[in-house]
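Colleague: Protein sequences appear in the order of chains A and B. Be aware that the first sequence starts at 1, since it is given in full-length UniProt numbering, and climbs by one per residue. Be aware that the second sequence starts at 1, since it is given in full-length UniProt numbering, and climbs by one per residue.
Honestly, I wouldn't trust all of these hints.
Claimed, not checked - Interface residues of chain B toward chain A, partial, derived using beta-carbon atoms under 10 Å:
1) GLY22
2) ARG35
3) LEU337
4) ARG338
5) SER339
FYI, nobody ran anything at the bench for these hints, they're computed from the structure. Here the structure is a predicted model, which means the values were calculated and not measured. Cβ coordinates follow ideal geometry from the N, Cα and C atoms, glycine included.
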Amino acid sequence: MVAQKKGASRGSEDPEELARVPLQAILLADSFTTKFRPITLERPKVLLPLVNAPMISYTLAWLESAGVEEVFVFCCAHSKQVIKYLENSEWFSQPNFTVTTIESHDSVSAGDALRLIYERNVIHGDFVLISGDTVSNMSLTQVLQEHKERRKKDSNAVMTIVIKRSKPSQITRQSRLGTDELFMAIDPNTKQLLYYEDKADHAKGSIYLDKLLLADKSSISLHNDKQDCYIDICSPEVLSLFTDNFDYQHLRRHFLKGLLVDDIMGYKIFTHEIHSSYAARIDNYRSYDAISKDIIQRWTYPLVPDVKFFGDSSTKLERLGMYRASEIGQSRSAQIGPFTVIGNGTKIGDNTKISNSVIGEGCSIGPNVSIEGSYVWNNVTIEDGCKLRHVIVCDGVIMKSGAVLEPGVVLSFKVVIGQQFIVPSYSKVSLLPQPTKQDSDEELEYADNSTGIAEISSLTHTLDKSNGEIVNEQQETQRWPTSELGTGGAGYVWSVCEGGHDEEWRHSVAPIPAEKLAEVIQAVEDDLEFAQDGSSLPPSGELKLDSNDSDYDEESRDDSYFENEVEATFLRAVDENIKVEHVVLEVNSLRLSSNKQTADCAGAIFYSMMKLALETPHNSASELVQATTKVITNWKGLLKYYLSDIDEEIEVIMKFEDMCLESAKEFSPVFDKILYLLYDQEVIREEAILRWDDEKREADESDRIFVRQAETFIKWLREASEEEDEEE
Amino acid sequence: MPDVQTLVNDFLIKLKKRKIEGSQATAKLTAELLRSVISSQRVPYTNQAGALIDAVKAVGEQLIAASPVELAVGNIVRRVLHIIREEDLSLTTAAMAGLNLSIVSDDEDDGEHDNYPVLSAAVVAAAARSTLRPPSLQTLLEDIPDTAAIPHTSSSGGDSEGKSKSGDKSSRSRKLKHDVIEAVNELIQDIGTCHEQIAEQAVEHIHHNEVILTLGSSRTVLEFLFAAKEKKRSFRVFVAEGAPRYQGHLLAKELVARGLQTTLITDSAVFAMISRVNMVIVGAHAVMANGGVIAPVGLNMVALAAQRHAVPFVVLAGSHKLCPLYPHNPEVLLNELRSPSELLDFGEFSDCMDFRSGTGSPLLHVVNPTFDFVPPKLVSLFITDTGGHNPSYMYRLIADYYSADDLVVQRRPATGS
Chain A
1 MVAQKKGASR
11 GSEDPEELAR
21 VPLQAILLAD
31 SFTTKFRPIT
41 LERPKVLLPL
51 VNAPMISYTL
61 AWLESAGVEE
71 VFVFCCAHSK
81 QVIKYLENSE
91 WFSQPNFTVT
101 TIESHDSVSA
111 GDALRLIYER
121 NVIHGDFVLI
131 SGDTVSNMSL
141 TQVLQEHKER
151 RKKDSNAVMT
161 IVIKRSKPSQ
171 ITRQSRLGTD
181 ELFMAIDPNT
191 KQLLYYEDKA
201 DHAKGSIYLD
211 KLLLADKSSI
221 SLHNDKQDCY
231 IDICSPEVLS
241 LFTDNFDYQH
251 LRRHFLKGLL
261 VDDIMGYKIF
271 THEIHSSYAA
281 RIDNYRSYDA
291 ISKDIIQRWT
301 YPLVPDVKFF
311 GDSSTKLERL
321 GMYRASEIGQ
331 SRSAQIGPFT
341 VIGNGTKIGD
351 NTKISNSVIG
361 EGCSIGPNVS
371 IEGSYVWNNV
381 TIEDGCKLRH
391 VIVCDGVIMK
401 SGAVLEPGVV
411 LSFKVVIGQQ
421 FIVPSYSKVS
431 LLPQPTKQDS
441 DEELEYADNS
451 TGIAEISSLT
461 HTLDKSNGEI
471 VNEQQETQRW
481 PTSELGTGGA
491 GYVWSVCEGG
501 HDEEWRHSVA
511 PIPAEKLAEV
521 IQAVEDDLEF
531 AQDGSSLPPS
541 GELKLDSNDS
551 DYDEESRDDS
561 YFENEVEATF
571 LRAVDENIKV
581 EHVVLEVNSL
591 RLSSNKQTAD
601 CAGAIFYSMM
611 KLALETPHNS
621 ASELVQATTK
631 VITNWKGLLK
641 YYLSDIDEEI
651 EVIMKFEDMC
661 LESAKEFSPV
671 FDKILYLLYD
681 QEVIREEAIL
691 RWDDEKREAD
701 ESDRIFVRQA
711 ETFIKWLREA
721 SEEEDEEE
Chain B
1 MPDVQTLVND
11 FLIKLKKRKI
21 EGSQATAKLT
31 AELLRSVISS
41 QRVPYTNQAG
51 ALIDAVKAVG
61 EQLIAASPVE
71 LAVGNIVRRV
81 LHIIREEDLS
91 LTTAAMAGLN
101 LSIVSDDEDD
111 GEHDNYPVLS
121 AAVVAAAARS
131 TLRPPSLQTL
141 LEDIPDTAAI
151 PHTSSSGGDS
161 EGKSKSGDKS
171 SRSRKLKHDV
181 IEAVNELIQD
191 IGTCHEQIAE
201 QAVEHIHHNE
211 VILTLGSSRT
221 VLEFLFAAKE
231 KKRSFRVFVA
241 EGAPRYQGHL
251 LAKELVARGL
261 QTTLITDSAV
271 FAMISRVNMV
281 IVGAHAVMAN
291 GGVIAPVGLN
301 MVALAAQRHA
311 VPFVVLAGSH
321 KLCPLYPHNP
331 EVLLNELRSP
341 SELLDFGEFS
351 DCMDFRSGTG
361 SPLLHVVNPT
371 FDFVPPKLVS
381 LFITDTGGHN
391 PSYMYRLIAD
401 YYSADDLVVQ
411 RRPATGS
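If we strip away everything but chain A, and leave its shape as in the complex, we get:
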C-alpha cells in the first residue's frame, strides 16, 4: 500500500520525472596510474582478484544493487581483457542493468576518457562517476536526492563527492588506505566543498586558505579526518567541462581543484558524508590489503565471500572469520588461522600454517609452509617449507621448496623462485623487464598505457603459449640469470625508482615495520625539538617570537641572495656600460621578485659600488679614495634613484659602517673621507648624516668608532647649518 501511494504521488507531482533517463554510471576500468606495476603490465587493475573476485565485479555489483540501470565501462589499458571478461561474465545478461563498453587506445588520463565519452553523447542526465577499483555498499538514494534538490535550486552545483570519516595516522601522515593526509574545507551548513588538498606539504606544517573563503560564509570547517571515496555524482555539465578545459587530466588534482579555484563560472562542488555504509578505493598495495581485510571482516556486507554476489563459487563462513570453499583438500594437521579465505580446489599440505591470508583457487600448498597476511592468487604452487609474510603472489607463480618471501614482496604472474632463495623485502619481481625510467613522476602517472601494451601483449602471448607445458617453461627458465632468483628461478627483480625507496614501506602490502615507525617518530620529535630550540624565550608570547625567528632565518638567507644578485647586475652594468635606466629596471624587477624595500636596493647597490672600488687595484688609502670617488661619480645616478627618502640615506651610511667593520676593513681608516665624498657628490644630504649621528649617540662606545672618526665633519656640518639658520 505504501509503495502504491509513493508511486502515485511521484507520478502526479513530477511528470518530467517519468520521462527521466535511467540512472547512468561511468565506470573507468583503468586507474591511469602505475602503482600496481609490475602486475598491471600483464593484467588490468580492475581484473585483479580482491578476495577471490575481480575488483570490477565488486563495483558492478554495487552499481547494480544501488539502482544504476546503465553502466558505461571505459576500457583503455588491456581493454581486450576487460571486454573479454565482461562478455564471459553474467553482467551482460542482468535484467534492468545494461553494461556497455567503450574502448579507447590513446587515452592517458581520466580527463581523456571523459572527453571521449562526451563525444559519444551517451550520458543524458546525472550520472555516477566511479573507477573500477572501488568497493562500496552505500545506498545512492539519499545522495542522489540531495544532488537533485541542490540542482533545482542552483544549476551550478555540478558535482557531489562522497566522503567518509577516517583518521590519518599522526605519525606517518597517511590514512589507513595508504593515501596521503587529505585536507578539506567544507561549509558546515551547505556541505559545499571549498578547499581540497591531498598533497599538502607536511614539512611546512601549514596549509594556506584563501581568506576569500570566509568572505561570504559564516563558518567553514576544516577536516583532515575525511577520506575521499572517489564516488562522484555528476551532472552532465561535468563532461562538457572536461571538454572545455582540455588540460584537465586528473579528476581531483586538475578538475576538482580547477573548479574550486575558478570563481568565474561559479561551479560548486558538494560533499556527502556516509557513516554506516562502506566505500573505499583501492589506490595502492596498502589499500588492497586494508580493503581485503575489511571485506573479510564483513564491513562491505552483502559484498562478502559467502554471499554469492558474483560467480558460482560457494564459500562458507566458519568460526573466527574463516571462509572455506566447498571443495578444498586440507590436511588434517594443517592449521588455518582466523580471517582466512581459501578458494575452491586448493590443496593444503601437512603442518602448514595459514593466517590472515587469502588463498585463491586451484593452489597447491605443500607441507610445512607458513603463510601470514598474504594474498596468494590462483593456481600458485608453493612447495614445502616456504615462508610468506605480507606478500602478494600472482597467478601461476611457482615457489620452490624452502623459498622465503620477506614482507612487502610482490611476485607478478608466473614468476619462479628458486630453492632456498630469500627474496628481500619490498622487491617486485616480474617476468617482464622493467621499462626504462621516465623522467618525472608526473609523466609516469600519465605515461604510456598504450605504448606499453603492444610490446606486452606480444610478450604475454608467448607466455600463454608456454603456460602449462612444464618442459617448455623449463627451457625458458634457462635464459634467466641464476643469481637473481636462485637456481631455476625466472623473473626480473625490478629496481626501485630513485626517491621511491622512502615511499616503498608507505604503500606496501606489509604493515609498517616497527623500526620505520620509530624512525618517523624520531624525525617528528627532532623537528619539534628544533622548533623549540629556535624559541629559547619565555613561553609567553612564544608564538610570535617563534614565527619571527623562523622569518629571520629566511630573511637573512634572502638578503645575501638578493645582494649577490644586485651585485652581479651592477658588475655586469659596469663591464658592459649599460645605461643607468636599464640597470634600474633590472634591479627593480629583482626587488619585486624577492619582495624587498627600496632601502634594501640602495644598500645593496652601495655595497656593490664599494666592493667595485675596493677591487680596483690600489696601493694606499688615498688611491682607494680616488677609486671610490671615480665609481661614485660614475654611478651616483643609479644610487640616487633609490635614495628618495632620508631613511634610505641613513641605511646607506649604516651599510657602509657595517662594511668597514666586517667585509671591507680597508675602508675604515678613510671612513670620514668617503662620508664627505658622498656628501659632496650630493648622494647623502646633511640631514641624513646628522640624524645618523643622533641615532648613534645612545649607542655603545664600540659602535661609535666611526661617529667619532667623522666627528669633525659632523661638527662642521652642524655649524654650517646653524650659520645658515642664523642667516635666515
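Dock chain B against the given chain A, drawing on the hints supplied.
Modeller: For chain B alone, coordinates are given in the frame of chain A:
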C-alpha cells in the same frame, strides 16, 4: 520456458543480493515462482509426477543455494514436492478405485457425475494413503470420527489435495498438473493468510491485565497483539528494542498507533523486567524439526530469563517456517553475519581497524550475528496457523507437510513415485 528461466534468474539475483526481507515474503515468492515453473513444464505421458518433481528440484536446488540462510525457500520447495507426490498418489489410487468400481466413464465431460465419484475417489485415496503412510496424530484424532470430511481434513495441513475432482485416467497428465497448481495456489493462499490464522487464536492466549514481553519486531506478533486488542482485551506490552537493528522501536510505534499500552526497554533490561511479565510472545526465523527455534539475536537470553522465572515462552510461526531439517545438519546454515557497521561507525573506529602496524591484523573484531538458536526445552508453546503445539510435537507436524524423500533436494533423479 525462457520466460520462466528469466523469472527464476530474477528471483535468484534477488535472493543472492539479500533483497527480499522476511520469510513470509520469500515463501510466497518462492511458491509463486514454483507454480509458474510447474505450469510451464511440459509433462510426458508416463511418469508425469517424476518430470514435475525433477523440474521443481532443479529450480529448487538453485534457489536454496542462492540464499542458504533463508530456510523458508527450502521449506516451500519441499512442500511443493510433497504436493506433487500426494496428488500423484491420490490420482493413482482414484484411478484404481475407478477401475475397480467401474463408475467413472472414460470421458472427460462427465460433469453431472461429479459429486459421487469425487467423494468415492477421495475416500479411497484417503484410505489408501492412510495405509501407505504412517498415520499422523492429526489423522488419528480428527479424521476417523468423521469420514465425510475426509477430503478436506485429511489433506495433511489442508493444502495437498482435496481438489481432485475426477480420477479420469486418460486425462491424467493434464489433471495432475492442474491439481498440483490448484494445491500450490492453496499453499500460496495459506502463506498469505497465516498471520490472520495465527492471530485468530490470540484471544485464547492473552488474558485481561496481562503483561506481554516481546523482542524486536515481527509482523506475526504485531497482528497477534492487535487481534487480542480488537477483542477488547486490555493488556500491556513490553518491547525490547532488539539491538543492533532496533526494530523494536518500530514495533512500539505501531503498537502505540493502535492504542496499546507499550513500554520500551533495552535488551539488557529484559532480565530485570521478566518477573513482571505473564508471557513472552516472539516471532521466529525458522522452526527446526526438533522444535528448536532460529530466532532474531537476543532471544535465547530472553528464553533463559523466561525459564528462570517460569514465564511461558510462546513462539509464533507460520507453517512455512517449519523446516524438516535438524539444526545439527551440515546443510543448514544457521546464522548470517551481517555488516559490523550496524554496531559501530567505521570512521570513528578507523584507528582501531588499522592494519599498518604490528602484525597486520587489527585487534578489534566486530561480530554481528543475525540469529540465535533457542533450544526446544526453552520453548513452551508454538502457535502455527493450524493451532498450538508442543515443541516435542513438531516432528509430527513436519511429517504431515513434508515427504521424507525430499529432505535432501538434489537434482539427481531420485524419484521414487
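Colleague: Any CB of chain A closer than 10 Å to the CB of ARG338/B?
Modeller: It holds, given that the least Cβ distance between ARG338/B and chain A is near 5 Å, below 10 Å.
Colleague: Would you check whether GLY22/B satisfies its interface hint, that is, whether its CB is within less than 10 Å of any CB in chain A?
Modeller: violated, 15 Å
Colleague: Can you verify the interface hint for ARG35/B: is its Cβ closer than 10 Å to any Cβ in chain A?
Modeller: Violated, about 20 Å.
Colleague: Tell me if the interface restraint on SER339/B is satisfied: Cβ within less than 10 Å of some Cβ in chain A.
Modeller: Given a least distance of 4 Å, the restraint on SER339/B holds.
Colleague: Once the shortest beta carbon distance from LEU337/B to chain A is found, is it less than 10 Å?
Modeller: The hint holds - LEU337/B has a Cβ within 10 Å of chain A, the shortest such distance being about 6 Å.
Hint violations for this structure: numbers 1 and 2, all remaining hints satisfied.
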